[in-house]
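Kindly produce the complete structure, drawing on both the sequences and the hints.
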Amino acid sequence: MNRVKTAFLVVLGLLWLAPVYLLLVNASKAVDAYDAKAVWRPAGFALFGNFGDAWSKAALGDTLVATTLYSVVSPLLAVLVGAAIGYAIVVLRLRYGFAWFVFVFGGTIFPLQMVLMPLFTGYADTGLYDTRTGLVIVYTAISVPFAAFVMRNFFTGIARSVFEAAVVDGGSLLRIFRSIYLPMAGSALAAIFILQATFVWNDLLLGLTLSQSESVRPIMPALTGLQSTYGGAALPTVLAGGLLVSLPTVVLFLAAQRFFTRGLSLGQF
Amino acid sequence: MSARTGARAAPLFGLPAVGIVALLLYLPFLWTTYVSFTSYDGLAAPEWAGPANYRAMFSDPDLLGALTNTLLWVVGMVTLPVVLGLLIAVLTYGHRWGTWLRLPFLLPYAISGVAVGVIWGFVLQPDGALGQALGFLGLPGAHTGWLQSGPGNTLMMIVAVTWQAAGVNALLFVVGLQSIPGEPLEAARLDGAEGFSLFRHQLWPQLRPITTVVVGLSIVGSLKTFDVVWVMTQGGPGTSSETLALSMYKETFVLNDYGQGAAIALFLSLVTFAASVLYLRYQLGESREQG
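For the record, the sequence lines run as chains H and G.
Numbering follows full-length UniProt numbering, in which position 88 of the first sequence is assigned residue number 88; successive positions increment by one, without gaps.
Numbering follows full-length UniProt numbering, in which position 85 of the second sequence is assigned residue number 85; successive positions increment by one, without gaps.
None of these hints come from the bench; they were simulated from the model.
The reader is advised that the hints may include incorrect statements.
[As the list claims (entries may be wrong)] To give a feel for the contact side, a few chain G residues facing chain H, derived at Cβ under 8 Å: (1) Leu25; (2) Arg55; (3) Ala56; (4) Phe58; (5) Leu91; (6) Val114.
Glycine included, each C-beta is placed from N, C-alpha and C at the ideal position.
Here it is as structure tokens:
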């Protein structure tokens with residue numbers, strides 16, 4: 001029985017890896033060596049050349065820089081903003097705290113489709129359209145509700161006496177937040193950061209709607225553009241692009257699997 | 001300083017979160033709701049049109065097609081990846097190499113929807129990787145145009161997303177299995193229960209809470225399907241593989257019919273919301289009766 005189980009899992013697993021194999025093999029072929037009739041057979045190794053093509057010819061380089069900026073800055077801001085309201089509600093006992101919490105967390109209930117058009121027109125009117133600042137702001141806003149959710153829960157688990165002792169010691173509220181509560185929340189902050197950074201990195205819809213120039217456009221919309229411009233001729237370049245943009249999240253995922261599991265069971269994604 | 005000071009300063013700490021969410025999520029939400037009852041092209045001021053956009057949504061064959069495709073996505077996503085995820089979880093749980101055997105299924109989860117679309121668009125090209133594999137094995141269908149017509153193209157894209165989502169569902173089910181106490185299981189095993197019977201009578205009832213989470217996430221996620229379709233077919237050929245999320249984008253940003261796009265967005269939101277509420281209530285009701 002156990003042997004049957006293992007055999008079944010191995011076969012299914014190999015089937016699952018087949019598209020990954022195809023991606024690796026064909027992203028590694030030189031554009032001239034690519035034969036549409038023999039995609040299963042490896043032919044040479046020009047992966048880094050194809051990376052280079054994707055980077056320069058398709059201008060993925062510029063968008064990679066921009067996307068890295070969004071994926072680092074927005075989750076950082078969101079984590080701070082979320083921690084601040086968590087601190088206000090739980091530790092400082094903000095009046096109607098729970099109602100405010102529901103308000104902030106409710107921001108994620110509806111699909112993105114509900115906010116796209118007003119964001120587009122609003123951004124166009126205020127000059128935020130197609131700017132890096134605009135995208136940082138929108139990605140922060142999207143990430144705040146989840147950050148608030150996790151941080152409120154986290155701070156609820158910290159004994160009240162910690163706060164009382166800190167107040168007796170004469171620290172200001174900002175100082176208590178910065179040098180006592182934030183450091184204690186290290187692991188929760190890291191989990192939110194990793195999950196939101198992945199979300200921002202993988203976003204297509206907001207980037208597609210709120211940007212157009214190469215230096216602002218995030219990586220996923222840029223990759224879809226690459227696919228349609230190049231068509232079948234330079235498929236290895238497109239696939240190399242797909243591989244290139246997947247590497248960071250795959251590495252992050254493998255390194256921090258348990259954060260992902262935790263985030264998932266909290267209902268993110 | 002006292003606890004009073006804390007309460008007085010609290011709004012300052014709460015303001016950034018409330019402000020940014022109100023300004024970038026709630027305000028747009030209200031505006032979309034209003035625009036959905038107007039005729040609006042993004043340039044001239046919106047003109048009140050009553051429920052016209054909603055009426056159009058249920059009479060326009062293209063939009064009805066998108067609605068059907070979206071339902072197909074929901075049905076597909078609450079069955080294929082969920083059943084496969086459960087199977088993988090049950091088979092790998094407690095297995096000596098469980099973690100390693102699960103890894104191939106988890107890998108695609110770390111990839112974005114866009115990259116999944118790029119990879120599967122390549123696999124499903126006419127006479128592409130899948131066709132060549134079928135031909136090599138002597139199976140029929142080697143020359144099928146997988147993405148060339150509906151509803152076949154939607155089904156193939158559901159397969160692509162199943163490839164991405166099954167592993168993470170398996171991971172969630174493993175978390176569920178880990179929370180099941182060991183002794184009753186051992187007792188049942190000693191009583192001779194094994195295989196499917198053990199699963200049905202011992203594991204499955206205890207997996208209910210996590211199944212609720214997995215199915216709920218699948219419903220909400222599939223209603224919003226956009227990325228993979230956008231990359232693989234852009235909703236085409238024609239509108240044969242459009243989903244509501246895609247129609248919303250096209251109506252608004254391609255056809256400049258903001259009112260129609262807004263109506264689709266609001267409809268999608270209401271369905272998502274209703275589905276979550278009904279589903280949760282149903283599940284909670286059932287478990288209360290059982291408990």
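| task | Could you work out which earlier hints the structure fails to respect and list their numbers in ascending sequence? | result | 2, 3 and 4
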